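Visitor: Listed here are the chains, written in short residue letters.
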Amino acid sequence: MNKPIRAVSIFCMFLFLALMANVTYVQFVKSGSYNEDPRNARVAEASYSRERGQILVGDAPVATSKPVDDRYKYLRVYPPEGARMFAPVTGYLQLGSQTGIERSQNAVLTGEDPQLFVTRLVDLLKGETAQGGNVVLTLDAAAQKAAFEGLRDTLGPRGEGSVVAIEPKTGRVLAMASYPSYDPNELASHDSAKASAAYQALDADEREPLLNRAIRTRLFPGSTFKLVTAAAAIEDDKFHAGDQVPAGASYQPPGTTHEIGNDGRGQCSPAKISFSTAMEWSCNTTFAQLAVEVGPERLRAQAEAFGFNSDYLRDLQGQVQSVYPTGVDIPESEGGGTRELSLAETAQTGIGQNTVQATPLQMAMVTAAIANQGTLMRPYLVEKVQTAGFNVLRTTEPEVFNEHAVSAQTAGELTQLLEATVEKGTASPAAIDGVKVAGKTGTAQRGDSLCSAGGKPPYAWFVSFAPTQDAEVAVAVMIEEAPDRACGEIAGGQLGGPIAKAVMEAVLKK
Amino acid sequence: MATNSALMGFVHRRRRGAELFLLVLALVVGIGAYAAVGLGVDGEVPANLIGYGGWLTLLVVAAHVAVRVVAPYADPVLLPVVAALNGLGLAVIHRVDLAKDTGLASQQLTWMTLGVALFVGTLVALPDHRLLARFTYTSGLAAIVLLVLPMVPGLGTSINGAKIWISLGPFSFQPGEVAKLLLVITFAGYLVVHRDALALAGRRVVFVDLPRGRDLGPILMMWVVSLGILVLQRDLGSSLLFFGLFLVMLYVATERPGWLVVGALLFFGGATAAYRLFGHVQSRVDIWLDPFADADGKGYQLVQALYGFAWGGLMGRGLGEGMPERVPYVESDFILAAIGEELGLTAVMAVLLLYGLVVERALRAALISRDGFGKLVATGLAAVFALQVFVVVGGVTRLIPLTGLTTPFLSYGGSSLVVNWVIIAILLRISDQARRPLPDLTPDAEDPDEQATQLVKVVPQR
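Sequence lines, in order, name chains A and B. Taking UniProt numbering, the leading residue of the first sequence gets 1, the next gets one more, and so forth. Taking UniProt numbering, the leading residue of the second sequence gets 1, the next gets one more, and so forth.
Hints are computed from structural coordinates only; laboratory data are not their basis. Since we're looking at a predicted model, the values are computed, not measured. A couple of the hints might just be wrong.
To give a feel for the contact side, a few chain B residues facing chain A, derived at Cβ under 10 Å [what the hints assert, rightly or not]:
no., residue
1, 326
2, 336
3, 340
Taking lysine-lysine and the DSSO-like style, the derived pairs with C-alpha atoms no more than 27 Å apart in a straight line are [to be verified]:
no., chain 1, residue 1, chain 2, residue 2
4, A, 66, B, 100
5, A, 436, A, 424
6, A, 384, A, 509
7, A, 169, A, 384
8, B, 100, B, 298
9, A, 126, A, 73
10, A, 66, A, 3
11, A, 436, A, 384
12, A, 66, B, 298
13, A, 73, A, 169
14, B, 298, A, 30
15, A, 73, B, 100
Using N, Cα and C, we set each Cβ at its ideal position, and we do this for glycine too.
Chain B extracted, bound-state conformation (with noise of 0.2 Å):
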């Protein structure tokens, strides 16, 4: 008892300070990196630099004094981690527009502004996340429909061959990027609710718990879903990323890694016949195969930006003394293609690292989270960060086949970069409630689960 009451003692410090000192590292990186850009493309200075560093200062102190006042106990490490990534981003897609004479990163600080605005507002709209767990239906349908959209004639547009666009007069749009937040508190809220029924029932098979063949179900509708993304919309990145997303929070729902080893084998299956049925999946994977075969052809993409790599060596040519220009699509998808050319392996590196904290600060938020749906939420947005970071990445340099998807807080685009705001506003928020003192105690509770589970009820139900 003694030891319970003292663990129930232990309070989280709320570590704002050293949120905000290492707030002022992140502008550093983004504002140096700006200068950066202009010293070595021009010999100067940029003449913006005052304005454009001040905005950027202003939207960072925003997001930190939001966070202050209404999540004073969320984890210290996450805001300026991605604002570091994002002012980086910014940077980088300045350079790439000095070299192709292109406006984007204006775009790009708006989008930032809208981003944080959202951030700020989904904070305060949000005080507790589990009111998420009451739009479990609503959100699945509206992630449905966000995925069908781009097919509807005269709203869908195919960028690239990949119909994931949808266009509303000027502005573009790409609704998988919502529907993966949307999916993530769909299954959540359904996997929270079902888990044990999903858990419990099932045969042994060879060391293996395999779930019963009805509840099958969910699992057969998500391949299907992911399936025909990647047939109808040939968007080979965001099915294997909602796919993973729902494997693994499937996963962590029930505690049966059964289930990794249904999915893992429907996985591998669709994608063998996807292979052998579609063109241009087999396109993919023979550019992974061999870039070179085709190098001004097919492959150009992946060869220049392999050569970008390449050129950039250990520590790059520095800001503005390479080609980033020659890679297509630099600005976005490729966009680490740039930063690996001029800033060189140790930049990747820095940049790895720092998405590789964005999962762990999330998984973190996932274990000490006192409820099942806060667990599962910050467990799946974390997949979805991961498996996101590793396609792209993957992709760009030749690890995995190359498929479309943005590199989160770095690409330009609007949708990625609001989005991601938004993931990590509700990540803030999900580990902001787990660090926060309890605010009644039950002095005799004997099992943490059973508090977690009390919890949920105390939600505050209209």
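Chain A on its own, in the form it takes in the complex (with noise of 0.2 Å):
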């Protein structure tokens, strides 16, 4: 019977080589690719469990990891000061998932990024659990506090709005608030079921608390968009800061019955008005004129050079593309396709209606570009990033998005308009005393007709950046919604002036 059995055992033999071989192929050959499996809930609450690094802004912790003794060691926590306020760019940290900073920045926070491979050796060497390392946000703390308190304060507790400043010179984010914000902490809750009943709540919420209006809401830029259609006037020689400008008590765009009006502001009603009047006033038919003279393409070139129809921010994800439309549906029965804009839309999306949207970071973005003599820089949130022991890694180089948006002579003609709308126009409310300011505000309609005659209330818009020469700060403000204000009040000078003003306080003073 011997030789049956030697034929079994080279037969129990293959079926141990195949256990091995399959063995091998799952624990070496697959191992990378179940491990990265997004559905493998156990990967990630292994990074959930670990010590993750704190998110900084300047030296003080806006998210850091706290021994704890449960399952899960360590619990994330946003310190309460600032947690609501920070929330919208810091995240939340959830088993399984993160927003804001806490998922662009994983990879660092958790320890597992490339950069961190000499630290997490060192500390396998030494026999200590990997650390992550930290990151560090470029905001400035006391002026992301000014735009979250200027929000909550002027538009009362059922407002939305958002602000986002950003340094002219680098790209810098220095603030970023949207409000209604959240807490944080609820989200990072281990008691799974009061972080999911906190997540129902803030997603059933109509006010979206958990949206990130600075990157994630865009609307009509209304009248900040006019430093759009300004620009492409100078830069194609059209008019200049001292010539006349063409204006008028309406203006009826060619091919359309619809009038283009002021709103009552009697100064744009001559035929002919200086430029810095007509910027000073938010002349609506000056700058409908002007995008009719300039035309749909240069307009959307211009527009595009500041960043509309692109993505930008490379540090958060969700960034929504700001729009200047690239043309218009022709209905399926006229045969479909697209075609150009008429001249009655390009004077509407002149004055920043029709189709054309904005985020705040947009309009911001704008305005630093001609604060910094016409050189957009890409935004950016991520100052360094730093071993758990604070050893810096890697700071982040300020990169042009756009070297010339508009020509220096172009950003310094337009800084002389914004800077006369301060002194003596619509965007008043944001002069300092002893600093330079140029500013416009913008109040979008929303529908068809004005609140006097029963309409929604507007969107309030404000633009600005200080000081004129050598700009420190650019500030967009945005304000969606503010029902506790009377309709008539909300008007991007009188709600968004003051806390674009607070902002620039906040980052001169240093």
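Reconstruct the complex from the two isolated chains, following the hints.
Guide: Given below as structure tokens:
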């Protein structure tokens, strides 16, 4: 019987070889792809249970990991005094999911980033559990506070709005506030029932507190878009800051019966006024005519030079593109496809209506480019990446996004116009004693009728930068809803101006 | 003649000292792993390490002393290998206990104690394995009764869809585990008597010797029993195990590969029909083909096990550093996933090598055994062991569709552990008989096979 027993031995050997080959395949060959499977909660839990690096603003942590005595070992804590204020930027950490910087810098914070390889190796050799690296933000704590509290105090408890402040020379984001906000600590709770109840409540809230309005909400920019229209006109040599520009009590663009008016601002009524007056009083009739004069292609090119229709923010996920329409859809019945904007539509886009839409970050970038002699810097939020021991591993180098969004000459002329707007025009609420400020209001109509005609309250905008020479900060304020304010009270200058002023002061005081 | 007498003059060494040394290594594995679990999970050596280690040592020493006294020529490798596996299994169950807040490890230690007691009892009560041949039909009947028991209403319990348990008061018990041992004895006893009839008659069809139609009776009956288990108890693993075991033993007894062809065809025919007809078989196969299709539902267990293996990688996360509790039933069928996760591919390979070693030593005992019954029993037990490891490890690592079987010596489960210790005792007895110097040598015997046959008759008949 020995011959078949030997055959059985060989058969058994093949059984075992098959098992060994297969387990090698699972644990060695396929290991990587299984570990990267997003459904693999095991990997997520392991990284969740690790001591995560801090997120810092200046020297102060805005997110830190606290050892706790439960199965996840570390609880993510957002210091309560800044939790809501910084929430749109920090995001929150949950098992298997993160938002904001927690998400975009997850590899650094968990310590899995290749930049932290050496630290990890040293930790391993010392027998210590590996710690994640720290992320230092570009935010200015005082500016962020001014922005968030400004929104909260101005808009009232039911308001919705956002503020973005940028350092024009570098693109560093100094403030990024969104209101209403949320307490990330509630979402990061290890009590999953509590965390999910908190999420459900926030998600169901129609004011959308989880939304980072600074980069996710785009609205009609209204009169703040006149900066772009003016830039296009000056760049094209059509008009200059000292020139007379066409105006009028009303303007009927070619090919339409719809008239554009000035909402009762009499300064705009003469047929010709100075460019400065037109900017000071935000004359719709002037900018609609300028838009028609430069034409849709040129206006689009100018908007795109400022960052419309593109992605630029790398440090947070979910930045929506601001829109200058690339065409108008032709109905299927008339053959389909798209066509270029008509002059009537172009006139509307020139004053930030029609289908032009911008995020607060976008309007801050337009302002910052003008403040920076026409050079648009890519906005960023991560200043530095550090080891857990605060040794700097990488400092972000400012990056030019568009060297010549406008020429330095054009930027200078625009600055001159905007300075006048603060000195004697609609943007006067942003004036700061002893500092030259440039600014522009925007009050974008929602629907067809004005407040006085029982229409919906408008979107209020305000953009500004200071000092006008060698600017240190450019701000955009966007007010989406302020139901606690009377409809007629909602205007860029009146509500947005003081917030922008507070943010600029916070930056300049340092 | 000179060579023959030289061959006969060869006497196996007892090698009990080697066994003792290997047992010390096995204890280092078992107790070391237990201490490492405490260090990894709680950061300190478990408080009961001395008591635990002492008890484990006592059990191992008792087993060793029993072998030394009643089976001095037994194979020196088997006992240390299973002691190491059992010790590792205990440590990993303890690890899962700490994660799930259960107390299975101490229960398992109790079962191990019973297992070692039965191991010693078997060695003492069974001075010669050929005594088992007397129980050929008794054990066959007992096996069938045991297999039918779970289907008796009120006695059988269905756990996870398989009706393979019976509960007696607080104890539940898997009769299939005992049945596999009884079936090996039955097959060996039957085949050693009838092998000539099965082997000699038949006709040749295209290079394959096919057996005679009427000799197909037993194989067909076994096929029916296997399929019956599959259909009535929904237990794919046992079905495959019993049928494979029978085929291997039939092949070894008759030395005719034709049986394998017939058996394999029957098996695949039956399996295909089962796949077509029964939902649970289909669902197992579907999970195997694509566990990720329903990763949170049907495929959850397998997917979690695969993630665990992958997470362990080459070296493992370290004891206490993984999340084996994510895999449902990680302490029983899926214990290898816990080992793979926390100790890595390295440890899984080591465990597979240990299993391979058990099979190899069992087959070696079969090769050198001097009687047909011993050869068949040893081969059968080796085949049971190899098939069981293949089915369960293959299932857990997605080599073949998943079927419910315990991982010998590692998994939590009393019936399986106790029966496996008895199996090892019988293997040691067979190897002891095989390696022992012949008591009375007939110097003019010419054919070693003749001697083997004679020895069967030496058995004291009462």
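Visitor: Take the hints in turn and mark each one as holding or not.
Guide: Okay, the hints, checked on the actual structure:
With 10 Å as the threshold, the beta carbon of residue 326 (chain B) comes within range of chain A, its nearest partner Cβ sitting at about 6 Å, so the hint holds. The interface hint given for residue 336 (chain B) is met, as the beta carbon of that residue sits about 8 Å from the closest beta carbon of chain A, less than 10 Å. At its closest, the beta carbon of residue 340 (chain B) sits 6 Å from a beta carbon of chain A; the interface hint therefore holds under the 10 Å criterion. Straight-line distance between C-alpha atoms of residue 66 (chain A) and residue 100 (chain B) comes to about 24 Å, which keeps the hinted pair within the 27 Å bound.
Between residue 436 (chain A) and residue 424 (chain A) the alpha-carbon distance is near 12 Å, which keeps this suggested pair within the 27 Å criterion. Between residue 384 (chain A) and residue 509 (chain A) the CA atoms are separated by roughly 23 Å; this keeps the pair inside 27 Å, and the hint holds. For the given pair, residue 169 (chain A) sits about 18 Å from residue 384 (chain A) by alpha-carbon distance, which is consistent with the 27 Å threshold. Under the criterion of a C-alpha separation no larger than 27 Å, the hint pairing residue 100 (chain B) with residue 298 (chain B) is consistent with the structure, at around 22 Å.
For the suggested pair residue 126 (chain A) and residue 73 (chain A), the alpha carbons sit about 20 Å apart, so the restraint of at most 27 Å is met. Restraint check for residue 66 (chain A) and residue 3 (chain A): the C-alpha separation of about 67 Å exceeds 27 Å, so the hint is violated. This hinted pair does not check out: residue 436 (chain A) and residue 384 (chain A) have alpha carbons roughly 32 Å apart, beyond 27 Å. At most 27 Å may separate the alpha-carbon atoms for a hinted pair to count; residue 66 (chain A) and residue 298 (chain B) exceed this at roughly 37 Å.
For the given pair, residue 73 (chain A) sits about 43 Å from residue 169 (chain A) by alpha-carbon distance, which is inconsistent with the 27 Å threshold. A threshold of 27 Å between alpha carbons decides the hint, and for residue 298 (chain B) with residue 30 (chain A) the separation of about 21 Å falls inside it, so the pair holds. Between the alpha carbons of residue 73 (chain A) and residue 100 (chain B) the distance comes to roughly 16 Å, so the proposed pair stays at or under 27 Å and holds.
Taken one by one, the earlier hints fail for this structure at numbers 10, 11, 12 and 13, listed in ascending order.
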